[in-house]
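One-letter residues, chain by chain:
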Amino acid sequence: MTGVIEAKLTELGVELPDAAAPAANYVPFHLSGNQLFVSGQLPLMAGGPDFKGTLGTDIDVDTAQQAARACAINILAQAKAALGDLDRIAQCLRLGGFVNSAPDFIDHPKVVNGASDFLVEALGDKGRHTRFAVGVASLPFGVAVEIDALFAVE
Amino acid sequence: MTGVIEAKLTELGVELPDAAAPAANYVPFHLSGNQLFVSGQLPLMAGGPDFKGTLGTDIDVDTAQQAARACAINILAQAKAALGDLDRIAQCLRLGGFVNSAPDFIDHPKVVNGASDFLVEALGDKGRHTRFAVGVASLPFGVAVEIDALFAVE
Amino acid sequence: MTGVIEAKLTELGVELPDAAAPAANYVPFHLSGNQLFVSGQLPLMAGGPDFKGTLGTDIDVDTAQQAARACAINILAQAKAALGDLDRIAQCLRLGGFVNSAPDFIDHPKVVNGASDFLVEALGDKGRHTRFAVGVASLPFGVAVEIDALFAVE
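Residue numbers (the working numbering), protein chains in the order written: chain A, 3 to 156; chain B, 3 to 156; chain C, 3 to 156.
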């Protein structure tokens, strides 16, 4: 069966962007055996909002959840570029969630939920993953969230 | 052979807590092929001490080592929930150690040793892992340490 | 075929250092199935420069790129210790790049390029990896960069 997840994305009103080219001498994904590694994705999309800022300083949790969701959408865009068909995803195994945070910020889980909730909406149980959520001192281009991912594929 | 590691834990005076439920739309572990992924664990236990604080500011290395040990105990609690029997662990492959740190803190390895030493005490050579230890700006709920893990299982 | 990558390193003027012993109760690498996990490597080498500092505060991007390159050289030193022959590397799958950064630093990708570019120079297409690059609050011993790695091996 193919196209099921993409139909679900359409139902959610999500159009996958073109998979972003890496900004340097690395690759956006590797398929090795049945594991798909996706490079850390930023919440940047052509024509999209500017998800820059530091939690606890100048961006709020609601907005940062949208940033995390944008990272997850970019992760799926990379997965589609890697796999051709998102229905080849057997399981999202793991997300690494890096939140641009002030020292006194403590709600990193809520922020990364923006990505976690989206993946479960889009992939169902196959979207349920292990993860970590931590607060980093700064991120590339000043974005609020960076997330990398590992999938098991069929 | 079963129950060997749990007997060792009893000998060490360690009672595994109930595996903590995730605080959001993710899972605490995934078993995929022979790999067991465990979500980032916090040093929180019912009735346990409050391991909050920032290294270099308001928590010392000795206390943070106990926090790292508590993360490792929670990792084993998740592994037991995943595997039923901890003797199915073939090897702890990797720990990711995130230490809540001030910018001038430099002793992250000592802190994460609290987890590394415990895993070797509990699992013997099967507890020896690769790892990283880094200083993050902040962590969920203000805890001092967060650690995730990957195991090879039989 | 053996020795091809080491000949390339010689051509690049790179002599692999002795693989650094871990500073604590962990191991520098694990070979599990066809995956080689390498612990987070620091830019420290006997007789080498002192790559300490915080990006955006007291070390510049050019110097930190050299630090990232030194981390990658230490990663290959560990891979050689693990594999005997670097030609057994099938692919560098993933780098985790932690950059010691001030809150307003935004050029983490440029810093980690020091490692990425070196791995592609040394390993060719087998050196192209997925990665993340994030800014952490502090690192062990005050170094500017820490990088861990995962390889697929033959």
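Each hint should be verified, as a subset may be incorrect.
Since the list gives no way to pick one copy over another, a pair counts as held whenever it fits inside one copy or between any two copies.
[As the list claims (entries may be wrong)] Computed list of lysine-lysine pairs in DSBU-like fashion (alpha-carbon distance at most 35 Å, straight line):
1. K82 / K128
2. K82 / K54
3. K10 / K54
No lab work stands behind these hints, which were simulated from the structure alone.
These are the hints, each one checked on the structure:
1. Taking identical chains as interchangeable, the C-alpha atoms of K82 and K128 lie at most 35 Å apart whether they share a chain (15 Å) or sit on different chains (22 Å).
2. With identical chains, the CA atoms of K82 and K54 are at most 35 Å apart within one copy only, with a shortest distance of 26 Å there and 40 Å across copies.
3. In this homomeric assembly, K10 and K54 come within 35 Å of each other (Cα to Cα) only inside a single copy, at 29 Å, whereas the closest approach across copies is 41 Å.
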